[in-house]
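Each chain, letter by letter, is given below.
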Amino acid sequence: MTNVAVHLEAQQPSLQADVHDALASGTTHTKGQQHPIKLYLVVWGWLFVLSTCSYLVDYFGLHGHLRWSLILLFMVLKAGLIVAVFMHMAWERLALAYAILLPPVLVLVFVAIMAFEADYTHLLRVLFFAPTA
Amino acid sequence: MAETALINNIEAPARPAGWRGIAADWSSDQRAFKNVSWGKAMMWIFLLSDTFIFSCFLLSYMTTRMTTTVPWPNPSEVFALTIGDKKIPLILIAIMTFILISSSGTMAMAVNFGYRRDRAKTAALMLATAAFGATFVGMQAFEWTKLIREGVRPWGNPWGAEQFGSSFFMITGFHGTHVTIGVIFLIAIARKVWRGDFDVGRRGFFTSRKGHYEIVEITGLYWHFVDLVWVFIFALFYLW
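Taken in order, these protein sequences are the chains called A and B. If you're matching positions, the first sequence starts at 0 in numbering that gives the first Met the number 0 and goes up one per residue. If you're matching positions, the second sequence starts at 0 in numbering that gives the first Met the number 0 and goes up one per residue.
A portion of the hints provided could be inaccurate.
Covered stretches of chain B (chain A as the covering partner; in silico rule of three or more C-beta atoms under 8 Å from a C-beta of chain A) [stated by the list, open to error]:
| id | stretch |
| --- | --- |
| 1 | 30-38 |
| 2 | 52-65 |
| 3 | 81-93 |
| 4 | 154-160 |
| 5 | 180-192 |
Dumping the calculated DSS-like pairs for lysine-lysine here, alpha-carbon to alpha-carbon at most 30 Å [what the hints assert, rightly or not]:
| id | chain 1 | residue 1 | chain 2 | residue 2 |
| --- | --- | --- | --- | --- |
| 6 | B | K120 | B | K209 |
| 7 | B | K33 | B | K209 |
| 8 | B | K209 | B | K191 |
| 9 | A | K37 | B | K145 |
| 10 | B | K120 | A | K37 |
| 11 | B | K85 | B | K33 |
| 12 | B | K85 | A | K37 |
| 13 | B | K120 | B | K191 |
No lab work stands behind these hints, which were simulated from the structure alone. Beta carbons are placed, not taken as given, at the ideal position from N, Cα and C, and that holds for glycine.
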């Protein structure tokens with residue numbers, strides 16, 4: 000950005016104003032990420048509540064699909080809060096957010112492949128390595 | 000977008016050829032992350048690569064747990080502690096979770112005070128974060144000691160599937176290492192903040208560059224990531 004600004008200053012001062020406008024609308028923060036402390040405290044509180052909830056899932060011994068879906072729900076909510084607010088991703092430009100957040104989503108493909116493979120391996124072990132009576 | 004269009008309008012200076020040209024072309028004004036410093040962008044990219052490492056650990060854990068024909072040890076019982084006369088399931092892990100979340104809270108506030116150039120509060124909050132982190136590692140050491148005494152090994156344990164031990168030591172060990180490195184990182188930066196390095200423009204001994212308060216945010220990114228990984232480990236390894 001600085002380099003661009005330098006070039007512009009020399010050659011096209013009228014366009015420099017446009018750049019500034021464009022950047023201002025895209026939430027620039029020359030002085031870094033500044034947000035009210037209260038926001039952090041609220042998120043902190045929510046993380047406590049969500050962690051307690053996920054602990055209670057285990058404490059009350061919920062089972063089956065209810066247990067798994069609740070665990071995943073609380074996990075995703077906590078991860079989202081941490082990334083969006085604590086790591087300030089909510090205020091970054093989309094170019095950065097997509098560059099960082101999309102690749103991990105592709106890990107889900109890997110998860111699907113390995114789950115499929117693991118099912119098959121399990122089947123083979125049951126069929127051929129089970130203790131015979 | 001505005002900038003990219005503008006760069007094309009500017010008359011391009013003559014570009015060097017050969018090896019110099021390669022270096023010049025790759026290092027010239029091409030810049031994807033417009034308002035993020037290189038330090039912050041590189042920390043994000045490092046965290047992305049670290050995400051893949053932890054993803055692979057959790058994936059291999061998933062695969063071993065799905066393929067074993069022997070029942071998986073119940074984490075709820077394995078990690079239970081007897082306090083008084085009551086056996087409370089998973090309580091140590093729950094406390095560790097709350098400690099790590101608290102450390103994330105103090106870190107977020109440290110970043111805020113850093114940008115306000117409030118040296119004392121920034122350093123104090125960073126040291127509080129480091130203290131929480133050290134407590135977490137201490138509790139993890141306690142947990143490891145307890146399990147090893149009970150006979151958990153990477154190749155076996157008294158309760159069920161043998162892969163339990165190797166998954167546990169690998170995943171929590173790698174995470175604990177990250178926390179330890181984070182604590183060291185935090186203390187080093189807190190010292191610089193406390194000394195006022197970023198106000199007087201003192202040069203770092205390793206890079207001989209002047210630092211900025213942004214390093215507090217970059218340290219924070221790393222620290223929040225460590226907390227983030229724990230969210231996944233807690234859900235997928237301890238609760239599942």
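Hints and how they fare:
no., hint, verdict
1, 30-38, "holds (count 6)"
2, 52-65, "holds (count 5)"
3, 81-93, "holds (count 3)"
4, 154-160, "violated (count 0)"
5, 180-192, "violated (count 0)"
6, K120(B) <-> K209(B), "holds, 21 Å"
7, K33(B) <-> K209(B), "holds, 22 Å"
8, K209(B) <-> K191(B), "holds, 11 Å"
9, K37(A) <-> K145(B), "violated, 39 Å"
10, K120(B) <-> K37(A), "holds, 16 Å"
11, K85(B) <-> K33(B), "violated, 56 Å"
12, K85(B) <-> K37(A), "violated, 38 Å"
13, K120(B) <-> K191(B), "holds, 13 Å"
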